[in-house]
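Undergrad: Residues per chain are reported as follows:
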Amino acid sequence: MTLSAQAPGPDTGAAQGMTIVARTQAQMVRRRFFRHRAALAGMIIFGFVLLLSFSSIGFLGIPGWWDKSYLATGALVNQGKPTLSVVPEFLGGSGIGLGEHPFGQDDIGVDYFAKTMRGAQQSIIVAFLVAIVATSVGTLIGAVAGYYRGKTESVLMRFTDVMITIPVLVIAAVIGRRFGDSGVVLLGTFIGLVIWPSMARLLRGEFLSLREKEFVEAARALGTPARRIIFRHILPNTVGVIIVAATLSVANAVLLESALSFLGLGVQAPDTSLGQLINEYRTAMVTRPWLFWWPGIFIIAIALSINFIGDGLRDAFDPRQTRVRA
Amino acid sequence: MIVFIMRRLVISFFVLLAATFIIYGLTALAGDPLEDLRQDNSPNKAQKIAERSERMQLDLPIPLRYLNWLGNLGRGYLGVNRDGQDVATMLADALSATLQLVLAATVLAITVGIVIGITSALRQYSGFDYTVTFAAFVCFSLPLFWVAVMLKQYMAIEFNNWLKDPVIPPTVIGVLALLGGLVFGALAVGERRRRLAAFGIGLLVSGTLFTVLSATRWFAAPGLGLPLILAFGLAAAVGFTALAAGLQYRGPLYAALGAAVIGALSSQVLKPLLVDPTWLEIGGLLLLTVAVCAGLGHALGGLQRRQAITATVLTGVFTGGMVFLDRMLQAFPAYSASVRGRPISTIGARTPNYVGDFWQTNLDSAGHLLLPSLALILISLATYTRYSRASMLEVMNQDYVRTARAKGLPERTVVVKHAFRNGLIPITTLMAFDFAGVIGGAVVTETVFGWRGMGFLFTKGLNEVDPGPVMAFFLVTGTAIVVCNMIADILYAYLDPRIRLS
Chain F
1 MTLSAQAPGP DTGAAQGMTI VARTQAQMVR RRFFRHRAAL AGMIIFGFVL LLSFSSIGFL
61 GIPGWWDKSY LATGALVNQG KPTLSVVPEF LGGSGIGLGE HPFGQDDIGV DYFAKTMRGA
121 QQSIIVAFLV AIVATSVGTL IGAVAGYYRG KTESVLMRFT DVMITIPVLV IAAVIGRRFG
181 DSGVVLLGTF IGLVIWPSMA RLLRGEFLSL REKEFVEAAR ALGTPARRII FRHILPNTVG
241 VIIVAATLSV ANAVLLESAL SFLGLGVQAP DTSLGQLINE YRTAMVTRPW LFWWPGIFII
301 AIALSINFIG DGLRDAFDPR QTRVRA
Chain S
327 MIVFIMRRLV ISFFVLLAAT FIIYGLTALA GDPLEDLRQD NSPNKAQKIA ERSERMQLDL
387 PIPLRYLNWL GNLGRGYLGV NRDGQDVATM LADALSATLQ LVLAATVLAI TVGIVIGITS
447 ALRQYSGFDY TVTFAAFVCF SLPLFWVAVM LKQYMAIEFN NWLKDPVIPP TVIGVLALLG
507 GLVFGALAVG ERRRRLAAFG IGLLVSGTLF TVLSATRWFA APGLGLPLIL AFGLAAAVGF
567 TALAAGLQYR GPLYAALGAA VIGALSSQVL KPLLVDPTWL EIGGLLLLTV AVCAGLGHAL
627 GGLQRRQAIT ATVLTGVFTG GMVFLDRMLQ AFPAYSASVR GRPISTIGAR TPNYVGDFWQ
687 TNLDSAGHLL LPSLALILIS LATYTRYSRA SMLEVMNQDY VRTARAKGLP ERTVVVKHAF
747 RNGLIPITTL MAFDFAGVIG GAVVTETVFG WRGMGFLFTK GLNEVDPGPV MAFFLVTGTA
807 IVVCNMIADI LYAYLDPRIR LS
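Protein chains in written order, with this note's numbering: chain F, 1 to 326; chain S, 327 to 828.
Just so you know, the hints here were simulated from the structure itself, not pulled from any lab data.
It is possible that some hints are incorrect.
Looking from chain S toward chain F, a few residues come up when the C-beta cut is under 8 Å (computed) [stated by the list, open to error]:
| id | residue |
| --- | --- |
| 1 | ALA345 |
| 2 | THR432 |
| 3 | ILE436 |
| 4 | THR437 |
| 5 | THR457 |
| 6 | PHE466 |
| 7 | LEU468 |
| 8 | VAL769 |
| 9 | VAL770 |
| 10 | LEU788 |
| 11 | PHE800 |
| 12 | VAL802 |
| 13 | GLY804 |
| 14 | ILE807 |
| 15 | CYS810 |
Quantities reported herein were computed from a predicted structural model and do not represent experimental measurements.
Just so it is clear, CB atoms sit at the ideal spot from N, CA and C, and this is done for glycine as well.
This is chain F alone, in the form it adopts within the complex (with noise of 0.2 Å):
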């Protein structure tokens, strides 16, 4: 990959009938991580989830393609049991179609395919606002401790570590209940407010290694005001690392937030989300298993393909990835 790094200089790798292809980190980056087939699967997946839960009910107002609604009741069919059908008619199956219901109808009758698709929508919101706010918190935090070092970084790090003495689980729980209520936008923002410390701590170590690099005194020296050291010398080679960590923290608030739907301290009724979801069926499982299997497999699939995206993207930052793997 790093030919150009290896090759002694480019007249002695032309001489030697290599062709040298001059890349850009990003392009380094890009291409690892599109040859990380787990992550390739994880993008397509979540891409799929995003525009199947996005487009379907629709959003902000905007109609969407499915005709039934995750308020309206509606006659039940066939006992409310999913409709869809994959199994092709040659094979014995119903045909591949996805019928009235292809979700099934939950036991007021509602559309259980626009309900499920609308707690996809609100646990992807949350998740992906806890993680900006969390990572901007923790990316600010952490460099301003790291960057500026004594009292700042003191007082800075024992906040955290203050922060971070208390379970995320419960101190999520206490937010939640106070602003379940208020809308995902709301509880979402406030549950990143509290879960930055570990992006924080990360950030802190990286600008405690980066500040003593040359470069940084380089700039020091030509009379740069720390804003744009930090800014635009240091954080920049920070980005590895922050873009890795907050994928992480998305799949992680996934599953925060619908732990916390399950508790009754998240989302509330008649909003849903995936959690909320398997929490109001739990004890559906035996009479209706697909109240409980749906939301189950979505919230599966998010965080899985969110995770491996993650991974991939690790591997595609590390540049000590050949050594481990050689």
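Following the hints, put chain S in place on chain F, whose structure we already have.
TA: Just chain S, lined up with the frame of chain F:
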């Protein structure tokens, strides 16, 4: 070192203090503690509201209430909950239940996770490695509560139904045998013929095993019996010797085999003692085993004395464990009958008002612990597997491992002595972090399985906007996390002399 510990203690104390304030404030602000009473229609509504307001000091601002709580705490008093129950008593009950759960889950996760992780690192890029990696990712992505509900349905309700007539259908035996074959085949490395042979052996062994288990209705009246105990003990002796000393030395091997035989035989000699022992007696037997085995290893070890003692003691304890397991399994039919054929429980930490002998009570706890710990360890198991795999791979690529190989050490010594010990160092840090995750997981697991533990204390307190129980929960878990972190730091410095504590 002492200066470091003192400094850490002081800092941890203030960190915890600040955290209690945050939790107290957030809990008190989480809602309206009088909500249920406001919708109450009984005639003495006003009186009830006044009573609770006074008990919870609702007329004071939150910081003052916090200071009051803190003052009480300083005098060792945890206060009362909103209904006037003493929080300390509630905490004591909850603590024992959760401690069982968390300890069982953590110990299992650490041992199994490290073993799997290291095997998968040593067999990098084998089928086993890929399967483990994929399984770990699935575990990371599983919602805990979803798994818990599934376990409840399939591992408890359906399994108990099946236990009434424990015959394994032929198709299931086929699938299980195939799985066994795949595991064996995936673990083997080398050319295709060797892998196929391993697959065949695995298929045959597991197929026969499950057919025999089904035909003898083993699950209705399980047990190991002397021959099996002896066989397992001898196998363990060979395994532990291979790990600790290598099989080319006779002394350690004979000592370990001797320990296995003595252990198996003593299960017959000690029968009267094992009818209804106490934990004290079991502990005494354990100490005796260790002492006897250490003596045996010392006597027969020869030049490999230290390794021989390690292998012998491990074998002895393992065989003892087998004897214990056997006795417990023998109590199974009686226990199963006394709980109306539903041994795997889904609710609570013990059967209410259950009276039985030592074995039956333990079986009762085990039946209750099984599913919640299974649900709880999934994530930790994945974490330990991933980390120990990564750290082992890292270590195996180090220069000192290459040096060890270059000077001609056997692969066993390289892996066990040079790589494994160093590979374990980063995992100590993980234990501290993982503990916080397990506590969070316990909150969810306890909700699903109806344990009245710490998690229940917390969720109930939170839903009732009652800071007392929530703070009790946090005091215990927060202190535990801080202490774990500190132990991890100290251990880290002890294991890795390059790190200086200052």
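Undergrad: Now, for every hint given, state plainly whether the structure supports it.
TA: To see whether the hints hold, each was checked on the structure:
1. ALA345: holds, 5 Å
2. THR432: violated, 15 Å
3. ILE436: violated, 19 Å
4. THR437: At 24 Å from the nearest chain F Cβ, THR437/S fails the 8 Å test, so the hint is violated.
5. THR457: For THR457/S, the interface hint is violated, since the closest Cβ of chain F sits about 13 Å away, which is over 8 Å.
6. PHE466: The hint holds - PHE466/S has a Cβ within 8 Å of chain F, the shortest such distance being about 6 Å.
7. LEU468: holds, 6 Å
8. VAL769: Interface hint status for VAL769/S: holds (6 Å vs cutoff 8 Å).
9. VAL770: Status holds, d = 6 Å.
10. LEU788: holds, 6 Å
11. PHE800: OK, holds: PHE800/S within 8 Å of chain F, min 7 Å.
12. VAL802: violated, 11 Å
13. GLY804: This hint holds: GLY804/S lies near chain F, its Cβ roughly 5 Å from the closest one there, short of 8 Å.
14. ILE807: Since the shortest Cβ distance to chain F is 6 Å, the answer is holds.
15. CYS810: Given a least distance of 11 Å, the restraint on CYS810/S is violated.
The earlier numbered hints that this structure contradicts are 2, 3, 4, 5, 12, 15.
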